[in-house]
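Counting from 1, position 37 in the sequence shown corresponds to residue 32 in this note's numbering; the numbering is continuous, with no gaps.
All the pointers check out, no bait thrown in.
In silico PhoX-like cross-links for lysine-lysine, where the CA-CA straight-line distance does not exceed 20 angstroms:
{"id": "1", "residue 1": "K37", "residue 2": "K147"}
{"id": "2", "residue 1": "K147", "residue 2": "K122"}
{"id": "3", "residue 1": "K147", "residue 2": "K66"}
{"id": "4", "residue 1": "K79", "residue 2": "K105"}
{"id": "5", "residue 1": "K85", "residue 2": "K53"}
{"id": "6", "residue 1": "K91", "residue 2": "K53"}
{"id": "7", "residue 1": "K105", "residue 2": "K22"}
{"id": "8", "residue 1": "K22", "residue 2": "K84"}
{"id": "9", "residue 1": "K37", "residue 2": "K152"}
{"id": "10", "residue 1": "K34", "residue 2": "K148"}
{"id": "11", "residue 1": "K66", "residue 2": "K152"}
{"id": "12", "residue 1": "K22", "residue 2": "K34"}
{"id": "13", "residue 1": "K122", "residue 2": "K152"}
{"id": "14", "residue 1": "K79", "residue 2": "K22"}
{"id": "15", "residue 1": "K22", "residue 2": "K91"}
{"id": "16", "residue 1": "K151", "residue 2": "K139"}
{"id": "17", "residue 1": "K66", "residue 2": "K34"}
{"id": "18", "residue 1": "K34", "residue 2": "K152"}
{"id": "19", "residue 1": "K66", "residue 2": "K91"}
{"id": "20", "residue 1": "K94", "residue 2": "K53"}
{"id": "21", "residue 1": "K148", "residue 2": "K122"}
{"id": "22", "residue 1": "K66", "residue 2": "K94"}
{"id": "23", "residue 1": "K139", "residue 2": "K37"}
{"id": "24", "residue 1": "K139", "residue 2": "K94"}
{"id": "25", "residue 1": "K80", "residue 2": "K105"}
{"id": "26", "residue 1": "K53", "residue 2": "K139"}
{"id": "27", "residue 1": "K37", "residue 2": "K94"}
{"id": "28", "residue 1": "K91", "residue 2": "K79"}
Derived DEER-like restraints, expressed as beta-carbon distance ranges:
{"id": "29", "residue 1": "K144", "residue 2": "K53", "range": "15 to 21 angstroms"}
{"id": "30", "residue 1": "D133", "residue 2": "K84", "range": "29 to 35 angstroms"}
{"id": "31", "residue 1": "K91", "residue 2": "G69", "range": "22 to 28 angstroms"}
Simulated from the structure, these hints should not be mistaken for laboratory data. Cβ coordinates follow ideal geometry from the N, Cα and C atoms, glycine included.
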Amino acid sequence: MKKFFLFFVVALFFSLPALAREELIIKTFDENSFDLREKIGKVVIVNIWAAWCLDCRKEIPILDELYQEYKDQGLEIIGVSIDKKRDRKKALAVSKAVKYPNGMFAEASKISLEEPDAIPLNYIFDKSGNLVATLNGDDGELTKQDFEKVIKKLLKKE
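Whole structure, please, built from the sequences with the hints as guidance.
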């Protein structure tokens, strides 16, 4: 009986949908809401950037290209600007050039990710909502291939 009960608990645990361990609920510039926990089943990149950051502005078109190429395969991207609220218009202007949603760190209703010391910074979550990679430009500018090395594997996993 104990073995059956243990098997039942283990089976139940693995059959329940996973919950993202990190929280991010943010109102996007287009007045929609992005909730990381609602993205279970998708690979998610959370890109932390700022309008004044030149490296960020170089990376944003790469992310837009990735989004357009892989969104139908289950990729989601959310850009999160760490600009000050007074610089919202500048952040909005930068984000208008891309197809994926963007919002402001200062306007997030829930966020468990810490505001970074250096940007750009990318958190990559698997389909179960687990943070599996953090990509930044510490070793030089990130390329499309750098992102693809991570996301292609995650998109293939069931």
